[in-house]
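Start counting the sequence shown at 602; every next residue gets the next number (the numbering used here).
The set of hints was computed from the structure by calculation and includes no laboratory data.
Heads up, some of the hints might be wrong.
Said to hold, decoys possible - Computed cross-link-like contacts, DMTMM-like style, restricted to lysine to aspartate or glutamate with a CA-CA straight-line distance of at most 25 Å:
| id | residue 1 | residue 2 |
| --- | --- | --- |
| 1 | 1069 | 1157 |
| 2 | 1069 | 930 |
| 3 | 754 | 872 |
| 4 | 1022 | 968 |
| 5 | 895 | 718 |
| 6 | 1069 | 1087 |
| 7 | 1114 | 753 |
| 8 | 810 | 900 |
| 9 | 724 | 923 |
| 10 | 754 | 771 |
| 11 | 806 | 909 |
| 12 | 835 | 674 |
| 13 | 1069 | 900 |
| 14 | 1080 | 1044 |
| 15 | 938 | 718 |
| 16 | 1127 | 1113 |
| 17 | 1128 | 1109 |
| 18 | 991 | 950 |
| 19 | 1146 | 1117 |
| 20 | 938 | 1079 |
| 21 | 1080 | 770 |
| 22 | 1128 | 1079 |
| 23 | 794 | 684 |
| 24 | 1112 | 1073 |
| 25 | 1069 | 1079 |
| 26 | 1080 | 684 |
| 27 | 1128 | 771 |
| 28 | 754 | 796 |
Stated by the list, open to error - Label-pair distances were calculated between CB atoms; the ranges are:
| id | residue 1 | residue 2 | range |
| --- | --- | --- | --- |
| 29 | 720 | 1044 | 28 to 36 Å |
| 30 | 1051 | 986 | 32 to 40 Å |
| 31 | 868 | 1044 | 51 to 59 Å |
| 32 | 728 | 838 | 46 to 54 Å |
No experiment lies behind these values; they were computed from the predicted model shown.
Beta carbons: idealized from backbone N, C-alpha and C, even for Gly.
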Amino acid sequence: MSDEPNVLDPQNSAGEHTPLAEAGQSAEEQLATHVAQVRHQIEEANYQYYIQDSPTLTDAEYDTLLRELQTIEREHPELQTPDSPTQRVGEGPTQDVAQRHHPYPMLSLANARNEQELRDWHKRAQNILPNAKFTYVCELKIDGLAMALTYEKGRLTIGASRGDGLTGEDWTQNVRTIRTIPQRLRGENHPTKVEVRGEIYMSIKNFEKLNEELAQERLFANPRNAAAGSLRQKDARITSNRHLDFFGYQIGYIQGMNINSHWEALELIKEWGFPLNPNIQQAHDLDEVLAFCKKWEEERFNLPYEIDGVVIKINDLAQQQELGTVARDPRWAIAFKYPPTQVATQLQDIRVNIGRTGSVNPWALLEPINIRGVTVSRAALHNEEDIQRKDLRIGDWVLVQRAGEVIPQVVKPVLERRTGKEEVYRLPEQCPRCGTTIIHTTDQAMAYCPNLQCPARNTEGIIHFVSKGAMDIDSVGEKTSAQLMDAGLILTVADFYTLTRDQLLQLEGTKEKSADNMLAGIEASKKRAFYRLLFGLNIRYVGEKTAQLLADAFNDIDRLMVA
């Protein structure tokens, strides 16, 4: 807050008036009016401090107001509301995370990794609307967690994560603790109901500070993971202490108000009290778009937060509507992704894992290196064909990058550093876990172990079944799944649904509360969408998108079985 004194005036700096007690009110009514006034002053101070960077209260004045409000609400709990500034500190633990269906899907974005791919996207839009004149909005692609915030009559009612784009998780209680997200929309010019979308992120400074505080615990790999992990806490007080921030970037839907362009939507978002990224820019042609992308590719490392590209959107909402979507990507927007950082290290060995459907997945054991603050010692190699195509040999010096700044990937060998002692790699003939002969046909890129009882297949399959993208049994993680398998309590995924409390209490370190949480998570999984069950069953060639297509076509398992 500010170091300068300020007179607490019922008219705030935005020219808005806070409620004043009226003559003839009862004591209870006067107290309620006073509480509304104090809340308004605190929210205005938050807006000026966190959004406008222009403090209007000293720290002492702010603390005095907040303590007064906390005292009144403690003594008169009937006056406490969910959007009160006192709730930003977070409440105690909650056990259940509700699922929220998005009224309008939170679409993913197609990627352009170079100028030609961006021009191809532009040409496809022109082919659909040959007579249209496009203008664009260019926004930095913040590396964080997408969030949909619903406001009804100006008040925040729901904060839901993107999830799979169709259904997300309700983290409203935690979202309320983020000071750059308004509890109520500012001003009077707001609709009956609106969904504001944006990115929750953690600044590099706060990320580094958090990892220092967690020095004796498990550290976060990057600010994006830190933001997601900090929001997805069952105790909102933890989220409150993690110093998350928010940038608004889109109106998902709106009732009771008409808008014509994305730029107009951004101006409304700002007017309502949300922070916008200060580097958003309009562009009138593709050359201006490319200039914006090039500028920030060079300057991105000077920003106080991480970005991994630029989002380009066609500005006119009517044109967006006409262009529509393909699969789950809008034709009117694209993400221009920057090439990841590449570092040289030595390929010490190539080993294999057996995946959940039996696929033989080679991976590289590397001399540990640091790529933008993350130590990398292993990387995916996809399949034997990929290794041969890149001519990777054990002992090579190789270039390694973090694909999407997250997943380590071997790009190519550094040929000029070869000595002649490097070894050509060959895939093993037998499964390293069960000894079954590996099948490798010319029409399939992936070799696979055909043994349905292979321990590695079962382990990976069960871990996948409980994962977030499948049945989302978050109270049964990888470690607990391994314990259940080691104890012989789980042989197939169906065994989860016959587990008893007494069986779970046999597991080392499992107490009554943990056992009850696991059983509750298993019970809740019975309500998951049909496609998530199909995806979780580890059927070869049935990924998430294929599972959705099958679920849409057959609706339930019985119809699918007789198809």
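Numbered hints the structure breaks, given as an ascending list: Failing hints, ascending: 7, 13, 14, 17, 19, 20, 26, 30.
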